[in-house]
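> Protein chains in written order, with this note's numbering: chain A, 1 to 200; chain B, 1001 to 1572; chain C, 2001 to 2192.
Rather than coming from a laboratory, the hints here were simulated on the basis of the structure.
All of these numbers come straight from a predicted model, not from anything done at the bench.
Among the clues, some could well be false.
[What the hints assert, rightly or not] Example chain B residues on the side facing chain C (calculated, C-beta under 7 Å, incomplete):
{"no.": "1", "residue": "Tyr1013"}
{"no.": "2", "residue": "Leu1162"}
{"no.": "3", "residue": "Asn1184"}
{"no.": "4", "residue": "Met1185"}
{"no.": "5", "residue": "Arg1186"}
{"no.": "6", "residue": "Ile1217"}
{"no.": "7", "residue": "Pro1236"}
{"no.": "8", "residue": "Gly1239"}
{"no.": "9", "residue": "Ser1335"}
{"no.": "10", "residue": "Ser1344"}
[What the hints assert, rightly or not] Listing some non-contacts, in silico: residues in chain B with all C-beta distances to chain A over 12 Å:
{"no.": "11", "residue": "Ala1036"}
{"no.": "12", "residue": "Gly1240"}
{"no.": "13", "residue": "Asp1241"}
{"no.": "14", "residue": "Pro1255"}
{"no.": "15", "residue": "Ala1292"}
{"no.": "16", "residue": "Ala1308"}
{"no.": "17", "residue": "Asp1311"}
{"no.": "18", "residue": "Arg1313"}
{"no.": "19", "residue": "Leu1422"}
{"no.": "20", "residue": "Pro1465"}
{"no.": "21", "residue": "Val1486"}
{"no.": "22", "residue": "Arg1508"}
{"no.": "23", "residue": "Arg1533"}
{"no.": "24", "residue": "Val1548"}
[What the hints assert, rightly or not] Which chain A residues stay away from chain C? Per the calculated CB distances, all over 12 Å, these:
{"no.": "25", "residue": "Ala44"}
{"no.": "26", "residue": "Phe55"}
{"no.": "27", "residue": "Gly85"}
Beta carbons are placed, not taken as given, at the ideal position from N, Cα and C, and that holds for glycine.
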Amino acid sequence: MSAENHDKSYIAIWGVLLVAMIVSLVLAEVSGAGWVIAVIFLVATAKAWLVVSRFMHLSQEPRWIKGVMAGAAAVVACFLVGVWGDVALAWSVIPAGQATPEAAPVAELQAGNAEKGAKVYGTYCVGCHGADGKANGGTTGASFVDDPSRLAKSDAEIMASIADGKTGTIGVMPPWKGTLQPQQMVDVIAHLRASFGAKP
Amino acid sequence: MSAHHEESFWSKYVFSTDHKVIAKQYMITGLFMALAGGAAAGAIRAQLAAVEPGGTGGLLDPQFYNSVVTLHGTIMVFWVAMPVLVAGFGNLLIPLMVGAEDMAFPRLNMASYWVFFASTVVLLLSMLVPGGGAAGGWTSYPPLSADPAYSGVNWGITLWILAVALEFIAFLMGGVNFITTAINMRAPGMSMWDLPIFVWEELAASVVFMLSVGPLIAGALMLLADHQFGTHFFDPKMGGDPVLFQHLFWFFGHPEVYVILFPAFGIAAEIITSHSRKTLYGYRMVVWSIIATSLLSFIVWAHHQFVAGIDPRLATPFSITTILISVPVAVSMFSFIATLYGGSIRFTSAMLFAIGFFACFLLGGVTGIINGAAAADIYIHDSYYVVAHFHYTLYPLVFMAGSAGIYHWYPKMFGRHLDERLGKVHFWGTMVFFNLVFLPQFNLGMMGHHRRIAVPTEFDFLSTPTALLMQDISSWAMAGLLLVQVPFIYNFFASMARGEKAAANPWRATTLEWACPSPPPHGNFAEPPVCFRGPYVYSPPDRQADFVPQDQPPEGDYQLPQNPIVAPSAAK
Amino acid sequence: MVDSSTIQVYRTSTGLPTGRVAMWWFLASEVAIFGGLIMSFIMCRVAHPEWSEYAEYTVNAAGAFNTIVLLTSSLSAVLAHAAAARREYARAANLLWATVGGGLVFLCVKAYEYSHEIHEGFTPVTNLFWGFYFFMTGLHGLHVIIGMSALAYVATKVRHGKLVEGVEYAGMYWHLVDIIWIFLFPLLYLAS
């Protein structure tokens, strides 16, 4: 393999990288849709792969070196997977002037299903509010059983507490609008009323 | 093959590129900082003993108490455990155990120590600035730590973050050296399966550190920006996310405890084999357990955040991985115990500390499983149960295994033995007082004693006679624990001049660090050693010998193993 | 006599030069640093759809130009390595200086962008998007400066046939700096 050929192949790869960049640029100008962003990101990954394997010659290194770099990438991936639920899904800020599904009136959803609500409650609510609805004697959250004022509120009020969270005398209830669908919240309210209280 | 160049006092003892000098520098800095960390521990226990029922009494202003607690944790993890176990023993032993003249990059090695030294100075300064030292816990969670209006601390936090960042950079530099030396500078004939377990453990520690610290470097700089420049990375009012910082911290913070664990296990492995004249039971299993622990250590971190308001769907997976990681660690422990079984054990100070380490670490490890079950953790999180758990793991790792290592390799470092009688006083005092300090804290935790509170007796349930008794036992025993380190400190310095002179291989051990004089000269080995066998050939069944060192040529004819040599102009 | 500062070149248990082994490990740690930062950004970006508006104000033309500059400087770096392997040391040194020049152009364009954005009223404290933008590009810029210094140092040495392996190692570092930008460009400029 003569040295000249090597240089030509590097220049060829450089050309491919430039073309890929232009493709990404054009795609981004055309549309801001989610799938386009994903494609652009895939193109970036392909470009990075070209640089790593051809310019840095990772493709010619022994397997264990490839393993080292794959390990670093895997570590980063672990971080993403583990933290995704807490950061990517935790915040849904309402853009100015745009109504969100959470603001839709409760009446437009299906009537609450207490059975489904019990399942949601058992996954997300029971940690603070207790399986018995008593919240460890009202210490870790609102007790629906011991404090009748809680379920005396309207459905819409309770829905707001669930969606946006609440800071009160006992502590801080986190917002669930990033995690629960509105229908799930309606179901939970049905479960609360069926299991712990009387209707308003 | 040693280097011949002129050396002044400064280039020989201060700005030296010799790994043995750098090792001593790290160790002595670490032991000095242990005094500071120990003083902080004494202050904490004194405060907790001095408070009266009803919430009166006490010795320290609560803000200052927070600062003491923060600095105790920070110093012990980053300025004692890391420099003594990882950098100190690593620098000393990796080149010797692989049969090299020095580390792969001696000047980078020296630079790493001086960056570390700078970090130490910055940290000590952080305690002296107006507003006092950092007071947000060693975990420094925002928003508390990011806003001076909340924590009352301004420059203290900034300098604390800078000190930690410098320390990370120092250990990244060191880590490259350790990994490269262990992988690429082994003696001819030494395959990876002939490495002493200590080298495997240091390799794992360096790899885990280098890969896990990245996100926290980013997070620490973001915290600094929030604190000093008014950015909002972790400020919920402006769309930032405090839980993101927790993840960035613990993604490193959990692997970090394994970074501390690995060298300690390695020290123990070296001591129990040589001081019981037995080969390591299940060498390959131990290596696989090190690798498994390293891999798992990256996917357990959120067990520190079970009650932080994380996505509830994370609770079960992280509980599973956390409980799972105890398995490979247990494999190592079982291997060590099986190694001791049937051995011809010599109860030297080093061996006593190694065995004491196993016993105490075991208790720490099993209480970790309880913490790792998310449901149980809801009750005991942030209580003294957790404090007792991590002291039952970290204290044995750093101060028992670390002491064991010092008793074992002091002859190699200084050419003299430590006094064995003082060593036994040190050991028994440590064992008795350590357990008296921390055993009551499991009880206090179950009673509901929250961490990091200056006046627990504000609460009636912590002012009962039992609770006060537990506090008193713990505090008085702490005084004893601190006092019993005095004979050790005296022993360490006095034996440099007056200790019994040491031979090259006083413990009659097999690994290569014993194949050179005590202390080794610059360049270590007169002839580069060649490795002919595995690391722990003690009492071999097939011949009349107590032990067979790694570099002893086999009987009869043999081929000298060759290593490939790369020409100076290494470009392809 | 072998002195310990060059020992890494003369002994290898894996067949690879020690410097290259070290450089791969170092780059792995850099991947973890920037990877953690970039993942944090991606997650916050997903959580804040309104950031797509803010990203409109990054100067796409400047970002695209800078991408071309860095890709070209990566080309010159790898050509420098190939030249050094053929012992064409003068050519290698010149190509390294071209790489350094690329870095300098990159930094000048970045400086222009920063001053433009600050002039428009977008500073690191304006909101979280701009905090990330300045932090990520700033940290990347710091690495560009470090890379330029390393490349310049190697260039002065290699012209006289010394430190030849440094061409490869400094080049590897530079390629990583390029790769980080390959990800930063779509994230900060195009996803809008």
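> Each of the hints needs a verdict: does it hold here or not?
Hint check results:
1. Interface restraint check for B/Tyr1013: the shortest CB-CB distance to chain C comes to about 17 Å, outside 7 Å, so the restraint is violated.
2. Proximity of B/Leu1162 to chain C is violated relative to the hint, the smallest CB-CB distance being about 15 Å (cut-off 7 Å).
3. Interface restraint check for B/Asn1184: the shortest CB-CB distance to chain C comes to about 5 Å, inside 7 Å, so the restraint holds.
4. A hinted interface residue such as B/Met1185 counts as satisfied when its beta carbon comes closer than 7 Å to some beta carbon of chain C; here the least separation is about 6 Å, so the hint holds.
5. With a least beta-carbon distance of about 4 Å to chain C, the hint placing B/Arg1186 at the interface is held under the 7 Å criterion.
6. Look at B/Ile1217: its Cβ gets to within about 5 Å of chain C, closer than 7 Å, so that hint holds up.
7. Interface restraint check: B/Pro1236 against chain C, minimum CB-CB distance 11 Å, threshold 7 Å, status violated.
8. For the restraint placing B/Gly1239 at the interface with chain C, the shortest Cβ-Cβ distance is roughly 5 Å, inside the 7 Å limit, so the hint holds.
9. The interface hint given for B/Ser1335 is broken, as the beta carbon of that residue sits about 26 Å from the closest beta carbon of chain C, more than 7 Å.
10. For B/Ser1344, the interface hint is violated, the least distance from its beta-carbon to any beta-carbon of chain C being 34 Å, above 7 Å.
11. Interface exclusion of B/Ala1036 from chain A stands, the closest Cβ pair being 33 Å apart, more than 12 Å.
12. Once the 12 Å rule is applied to beta carbons, B/Gly1240 is inconsistent with being away from chain A; the minimum gap is 9 Å.
13. Consistency note on B/Asp1241: stated as away from chain A, yet its beta-carbon is not over 12 Å from all of that chain's, at 5 Å minimum.
14. Not every beta carbon of chain A lies more than 12 Å from that of B/Pro1255, the smallest distance being close to 9 Å; the non-interface claim is violated.
15. Interface exclusion of B/Ala1292 from chain A stands, the closest Cβ pair being 14 Å apart, more than 12 Å.
16. Consistency note on B/Ala1308: stated as away from chain A, yet its beta-carbon is not over 12 Å from all of that chain's, at 9 Å minimum.
17. With a least beta-carbon separation of about 3 Å from chain A, B/Asp1311 fails to lie farther than 12 Å from that chain, contradicting its non-interface assignment.
18. Not every CB of chain A is more than 12 Å from the CB of B/Arg1313 (nearest about 6 Å), against its label as outside the interface.
19. Against the 12 Å criterion, B/Leu1422 stays outside the reach of chain A, whose nearest CB is about 45 Å from its own CB.
20. At roughly 25 Å from the closest C-beta of chain A, the C-beta of B/Pro1465 stays outside 12 Å, upholding its exclusion from the interface.
21. In this structure B/Val1486 is separated from chain A by more than 12 Å, as the shortest Cβ-Cβ distance comes to about 43 Å.
22. At the 12 Å boundary, the C-beta of B/Arg1508 stays outside the reach of chain A, the nearest C-beta of that chain being 35 Å off.
23. Every beta carbon of chain A lies more than 12 Å from that of B/Arg1533, the smallest distance being close to 24 Å; the non-interface claim holds.
24. Every CB of chain A lies more than 12 Å from the CB of B/Val1548, the least distance being 30 Å, so the non-interface label holds.
25. The non-interface label for A/Ala44 is inconsistent with chain C: the shortest C-beta to C-beta separation is roughly 5 Å, within 12 Å.
26. A beta-carbon of chain C comes within 12 Å of the beta-carbon of A/Phe55; the shortest separation is about 4 Å.
27. Distance check for A/Gly85 against chain C: the nearest CB is about 9 Å away, which does not clear 12 Å, and the non-interface claim fails.
Taken one by one, the earlier hints fail for this structure at numbers 1, 2, 7, 9, 10, 12, 13, 14, 16, 17, 18, 25, 26, 27, listed in ascending order.
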